[in-house]
Each structure stands twice: as structure tokens, then as C-alpha cells.
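Visitor: Residue numbers (the numbering used here), protein chains in the order written: chain W, -16 to 338; chain B, 1004 to 1388.
To be clear, the hints were calculated from the coordinates, so they are not data collected in a lab. The model shown is predicted, which means the values in this text are computed figures rather than measured ones. All residues carry an ideal CB built from backbone N, CA and C; glycine is no exception. Honestly, I wouldn't trust all of these hints.
Just so you have them, the derived chain B footprint on chain W, three or more residues with Cβ under 8 Å [claimed, not checked]: (1) 35 to 43; (2) 216 to 224; (3) 259 to 269; (4) 274 to 285.
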Amino acid sequence: MSAVAPAGAAGPAGPATPSAEPPLLSVQDLSVTFTARRGSGRSEVRAVDGVSFDVRPGRVMALVGESGSGKSVTSLALTGLLPARGNRVEGRALFAGEDLLTVPRARLADLRGRELAMVFQDPMSSLNPVVPVGLQITEVVRRHTGAGRAAAKERAVELLGRVGIPDPRRRVREFPHQLSGGMRQRVMIAIALACDPRLVIADEPTTALDVTIQAQVIDLLSTLVREQGTAMLLITHDLGVVAGVCDDVTVMYAGRVVEQAPRRELFARPRHRYTAGLLASVPRLDGPRPERLTPIPGTPRDVVAWSEACAFAPRCTAGDDACRRGDLVLAPDAGAGAAPGHLVRCVHPAPVEQP
Amino acid sequence: MSDDEVLLRVRGLQVHYPGRGGLLRGGGPPVRAVDGVDLDVRRGETLGLVGESGCGKSTLGRAVLRLTEPTAGEVVFDGTDVRALPREPLRLLRRRMQMVFQDPMASLDPRQSVQSLLAEPLVAHGLGPRDSEGGTGAGGPRPSRRAVTGWREARVRELLELVGLPGSAAGRYPHEFSGGQRQRIGIARALAVEPDLVVADEPVSALDVSVQAQVVNLLEDLQERLGLTYVVIAHDLAVVRHISDAVAVMYLGTVVEQGRGDALYTAPLHPYTIALMSAIPVPDPVVEDARQRVLLSGDLPSPAAPPSGCRFHTRCPFRQATRCHDEVPLLREIPLRPGLAGSGLAGAGATGAGSASGHAVACHWAEEVASGQLSPRQVEATAAS
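So here's chain W without its partners, still in its complex pose:
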């Protein structure tokens, strides 16, 4: 490893033309099964079940779901960060032609940090508390680009400045505990950007942050996607964040994709009962204040196996016997005026509200 990494390999940073470009990451039929020994027998839990989606350069794909939906397990499987034992990963995840699920460990380690980067929810547990933040950045730069110590340090200062940390030359010498939560998350983003990755996987990057800081971080990430043509997979439970920055949305429930659509389409005409229920249940700052909120009944724990019925059926207001079948497929929305690429897995899709 000596040559400088082909940082600009992703091509010119012009505005991305939506959908026309081939996907940079194509996840096909991804499944993750956790196995555990229970007494004498074995029990299996399928956390992710046949998930497919594409992430394109210059675009943000959102993966939305609540606890137990499998969204974080999906990101861990893609980055090879699941524990080595106790699970089975199936399917394909083609990243620029290479299958991330089958490449040798050494190759994956080489890709991670250089071509694909990750930002996690809690920067305090992802940063090393006893190493100055500058060193944590130069570590990545030197590992992947072979740059010298001085050059790497300059790069660290430049990166901290770019993510909006004031006085970066002083900050590189500081330790994570000396920084605020928002600053730490910026350091994480600076590390992620260190080698100009082509794909960023951000797992709840703003959940631990206050809203005013969240706005700054979201702003930063979307600038990156727009100006550098980076592809981004954004995992979140916050529909507001999705509405603000994402181009396409994949909604997961109990391990499966239940709906997939371009952003405006999804919010304007949600078809899966879960998506519609979720949108109806959140109180909003704009618009009139409703007398009562309309919650989704039950809890995310009330699921049935997808092999028997729609997993959402126990909580669904429209659920009936027709939902009790094991072969519900994710199919193009058959409703009038559906946008291309709008997929839904539902027997009784929600009615489309007329504007």
C-alpha cells in the first residue's frame, strides 16, 4: 500500500442525476438470522428477512423503522460488523460490483474507511476516549492513503474545519471528553469523510443530539451528498429527518421491507397501513392541534411470523383474514397515480387522500 487512494474515483462532483445513475450499493434479498442454543435445541430469529434496496451516488436512501425492525442489523451486516458467530447472513450486497457479504475480511477492512464509511449514533462509545481526536483522524488517513505524519495532520485540521469545528488547529489536540456531543459527532463525521468515501452509512447520526445541533449535522451531511456526489444510507426513526434530507425511503417492519418509495410520494400517499399509521400518530408543530392523537394500537412486540401472516396484522386497523397468508409480496403500488418505484406489501393498502 503506497499509492495515494483514488479519492476522486467517484467522478466529478457535479449534481447527480436522479435514478439515471446505476446504484453504487445494491442490496439484494439480504437476510440475517441469529441462532442461539436453547438448552438442548437451537432457536433461530430472523432479524432481517429478504431486504432489497439501492443506494445511488448523490442520493440519500432512508431506512426507517422502530426498534426490532432490523434496520440497524442491516447496516451492521453490510459493513461486516456483526459478531463472527451466532448469525447467518444471506443475500448479496453489491458495492461497485463487489459483494460486501463475501469479500475477504482483509479486502473489507480496506474498503471500510476508504470507500465506505460509517457514522454511528453515539460518538462517545465510538471514539477512543484516551486518544486525541486529531490522532483518531490521522490514523484513518495514514492507514488508507499512506500519507506522512505531517500531511495527515494537515488533513485532520482541514477536515475538522470542514465539519464546522471552530479553531480546528487547537481542537485536534483535545480528547473526546473535552468536546460537546455535537462536536464529537462532527469528529465522527470528519473521520468518515477522511478518505472521501463514495458511500456513507449513517445509523441514527443525530438521535443523541439536540435539535439545533441536529439541524447543523443534517445540514452538513446533505451538503456532502449534494456537492460531492456521495451516496448515503441514512438509518433513522425520525420521519421529520427523512422528510427533510432523503431522496428515497425504505420502511421496515419486523425485518421486512413493507414499503419503498421516493420521498414525496411516500409522504403524500403512504400505502402501507404501518407507514400511514406512523405518519398519523406523530404530533406536528405545523398545522392545527388535534384534540387527540391517533396512535397505532399495540406494541412493536405484537408480531406474528411473516411466514404465517402480515407481521403488522395484530396492530392493524384494517387487518382481517385476508392478511393471514404467508406469501405477501412487495409489489408495485396498484393504486391510481402511483409513482414508479413505489412498492408496498399490503393486502388492504391505505386509501389515497385526495389533495
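Add chain B to chain W, keeping to what the hints say.
Guide: Below, chain B without anything else, positioned relative to chain W:
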């Protein structure tokens, strides 16, 4: 406003934690977590307390119940000066003021059954069959142990039913429940002693989005049925807007704006409130695409060394030379504007007697900001590359 209406009155409340100076501790300036807060909470109403982490909202909530000892100021609960009470009378008074915590997994003992968790406050306050309506169980012949046990079991079932859980839940343990159900248990535990005031610190923020609405509705139902008064502490302005009759926004230990009804939401006056509201994403792409964000620069200053003058001036996009830096803005009433008339604000008074609009703000330039005479500066700190 008559004292009858106000259940909880807070005046000039301060909570300072001792400062730490370097390795040898001690000696540093105190951390001014709450630094001079005035609040009135009316009987049967909900006050929403919002702000970002570190603004002192949780400390304020705890200080009201004296779970954290205030440094100065006055807390008057239903005519009783809470700060002046010795230990035992305070313990008795706490039966009437209870708390609901954010994370029920952390606040419920995992090794206690629900029956035991819900009976514990009854035992602690000596509530039994004779005096379920209050009192301490003193006087009169003691009921038999069996009668007490039977009464407590019945009371636990009643509480479970009240929060929408089956009676069979009593024999189970916290880990057997989902997050939303655990929060219901946390609420039932607070209600066990029939309090008048419930301070709920982030009651829904640990819950899944699809479940939050259930708990919000439950809190509203309980308020209606039991005539409860709430102080709801939350960082989620949308949830607070939905549940509150009055809202106070905190920044760095002080209240910067407060208002009744939707006044604060329809016409925020303080630059911090404006920025906060503009930062909250709305689940609607059409709104999001059209939105102009007022981005704040930098981070929250240390409450051990709050900025001079207006505490927000270091981050304020509307900051004006010298006055914001030099002079502490007082929370002042802003007269009702014609456009807002008739939106349920009549007779409101959040800060003091005789107030017209109840909408108060601590900003020197609130009028100029509201009328558009001052426009926000572009913030440089977030500019990428």
C-alpha cells in the same frame, strides 16, 4: 390571578451545584443549573417545560419536589412553602406530588413484581383500607393485616386498569413488558398515592414513535379523569405543544419565553425559540423543502460561566452590538397583537397578576425581531468546505 387557581408557584428558583476546579476539585465557579426561574402552574392544567440538554429543565423539575435541594428561591405547593418543610412533613407532602421518569427500565426495580412495585408507594405512605382518600393511617382501630393485603391487591388491579394494563400484569416483572407498557407501570406507580401534581420528565422520549401517541393520550385521559396537574418536561416541542396548556422555554438555566395555548407556537418571539422551532423537522417534504432554517452557531456555553448580559447572545443570529452583551434582559409581557386575539388567550397570565397576553419573553429586541426589522445573520460555523 388568585392563589386558588395556582397549585404550584415557583419564584426566583436557583439550583447551583458546587464547582469543580481541576484535579483537586472544589474551588471552581458553581454550575448554575437553574438560575432564577419564576413559574405558575394552575390547578388541572399542564405546563410544558422545553429546552435542550443542559438547559436545567430536569433539575428544575426535581427541585420542585426537592429531590434536588434548591440553592435559593421559593417553591409554594398549594399554599405550603416546600423549601421550609422539615423532613417528615415534606415526606407527607410528597404523596401529593409525584414524578414519572424517562426510562422506566431504569426507574423500576427489575427484581420486583408489578404488584410489589405498585404496592410499595402505598406501604411507604401507610395507605390502607380506611384512608384511601388520604391521611396517614393514624387514629382508629388498625385494620387486620389480611384486610390491608386484600385492599392493596385490589388497589393495584385498579391502578393497572387505570393505565390500560390487564390485572394479570400484577404477577409479572418489568422485563416482560414492552417500553410503552413499562411506562404505563411507571405512571401507575406515580398515581398509586393519588397525587395532585405529577412531574413527568421526558415521559415518552424513550418510546417508539408508534407508541408515543398512546402514552400521550393516556396522560391526557388521566388528567381529565383524576383532575391532575402536570409539569411535563420534554425536548420534543411537538409533543409538548400537544399536551400543554402553557409552555416555558428554557435556555441555560433561565426561562427565555413563556406563553399560553398556541401563542408561543404561532408567534415565537425569542430568537432561541425561533431557532428551536425552525430546527425541528416536520414529517412533510413539502414543508421541509420550503423551510428556511435559522441555524445557530456553536454549542451551549458552560452553565458554570454563563455569558454576560443575555445568555443567548453568543449564539444569537439577531444579536445587536453592546446591549445584548451588557444588559440582562428581563422576562417581560408582550401585549397581545391583533392577529392573535380570540385564540384562547383571554385572561391568561403566566408570569404575574394582571397580565394581558400571558406571552412573556426575555429579549431586548423581541418587537424588532417579530416585526422583521431585524433579520437573522447567516451563520458561518456550519459552512462545509
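Visitor: The structure should be examined with respect to each hint, and the outcome stated for every one.
Guide: To see whether the hints hold, each was checked on the structure:
1. Requiring three or more residues with a Cβ within less than 8 Å of a Cβ of chain B, the coverage given for the region 35 to 43 of chain W is violated, as only 0 such residues are present.
2. As drawn, the region 216 to 224 of chain W meets chain B at 5 residues by the rule of a beta-carbon pair under 8 Å; at three or more, the given contact holds.
3. Coverage of the region 259 to 269 of chain W by chain B holds. Counting CB-CB distances below 8 Å, 9 residues qualify, and the rule asks for three or more.
4. With a cut-off of 8 Å between beta carbons, the region 274 to 285 of chain W has 9 residues touching chain B; three or more are needed, and the interface restraint holds.
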